[in-house]
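Peer 1: Kindly produce the complete structure, drawing on both the sequences and the hints.
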Amino acid sequence: MFACIAPRYDLANRLLSMGLDQRWRAALIEALPSLEPGQRLLDLCTGTGDVAMALRAAAPDGVAVFGSDFCEPMVALAPPKSEGSPGPAPAYLVADALQLPFSVGSFRALSVAFGLRNVEDPAAALGEAARVLSVGGRLLVLEFSRPTLPIFSSCYRFYVFHILPWLGGLLSGSREAYAYLPESVWAWPEPAALAGVMQDAGFRVLRQRPFLGGAVVLHVAERC
2 MFACIAPRYD
12 LANRLLSMGL
22 DQRWRAALIE
32 ALPSLEPGQR
42 LLDLCTGTGD
52 VAMALRAAAP
62 DGVAVFGSDF
72 CEPMVALAPP
82 KSEGSPGPAP
92 AYLVADALQL
102 PFSVGSFRAL
112 SVAFGLRNVE
122 DPAAALGEAA
132 RVLSVGGRLL
142 VLEFSRPTLP
152 IFSSCYRFYV
162 FHILPWLGGL
172 LSGSREAYAY
182 LPESVWAWPE
192 PAALAGVMQD
202 AGFRVLRQRP
212 FLGGAVVLHV
222 AERC
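Going by the working numbering, the sequence shown wraps up at 225, each residue one higher than the last.
Treat the hints as calculated values from the structure; they're not laboratory data.
Take the hints with a grain of salt, since some may be wrong.
As the list claims (entries may be wrong) - Distance ranges between label pairs, derived from CB positions:
{"#": "1", "residue 1": "Asp62", "residue 2": "His163", "range": "46 to 52 Å"}
{"#": "2", "residue 1": "Val136", "residue 2": "Gly88", "range": "44 to 50 Å"}
{"#": "3", "residue 1": "Leu99", "residue 2": "Gly39", "range": "25 to 31 Å"}
{"#": "4", "residue 1": "Val105", "residue 2": "Glu73", "range": "25 to 31 Å"}
We treat Cβ as the ideally placed atom computed from N, Cα and C, and that holds for glycine.
Peer 2: Laid out in structure tokens, this is it:
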């Protein structure tokens, strides 16, 4: 499903979110911890590498950035986007979020933007994230949620269930992928419940920041 929308994934994201996805990703970057040369960052479910590149731009010299995703066609689009950018590009790899090829405590921070919901076993993926993060390491999860404002929630639900699949299909060529999105969002745990899953995986939740009336939430947590 993700392979077939890869070529127009970025364009569809910009248009369907009216550019707000870039602001949400910027908020994720602002939540990074202090970084020092020699430390490493991982962007999980990196897709075409937007967050990995933003991490690279924000990190000081000497901090290595990695981006991993299970979808090879998505990952293949990431390296060319870094051409011409100053400094070393992120290192990209195809990897399963449930079995990351990294040792215990490898990373100072780990981000995942709009990808945790798509993993087969999100709780296990959080456990794997805890494994590769150092103690005190930062977890940054940006994910869709159900809006909390009643009137906006009704309008948003109509948009994502009836308009978004049609528009997404028109832009990407796959209506199926964008019909899946609202179904997965409405089945996703609410922020309080997700905080419990994070705690069970070995994290202390620091804060949860809602955007767009709660339709998107940035979850910031620390490895215990």
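Peer 1: Should the hint that Asp62 and His163 are 46 to 52 Å apart at their CB atoms be regarded as holding?
Peer 2: 48 Å, holds
Peer 1: Can you tell me whether the CB distance of Val105 to Glu73 sits inside 25 to 31 Å?
Peer 2: 26 Å, holds
Peer 1: Confirm or reject the claim that Leu99 and Gly39 have a C-beta distance inside 25 to 31 Å.
Peer 2: At roughly 28 Å between Cβ atoms, Gly39 and Leu99 fall inside 25 to 31 Å, so the hint holds.
Peer 1: A range of 44 to 50 Å was offered for this pair. Does it hold for the Cβ distance of Val136 and Gly88?
Peer 2: Cβ of Val136 to Cβ of Gly88: about 28 Å, so the range 44 to 50 Å is violated.
When the structure is compared with the earlier hints, a violation turns up for hint 2 alone.
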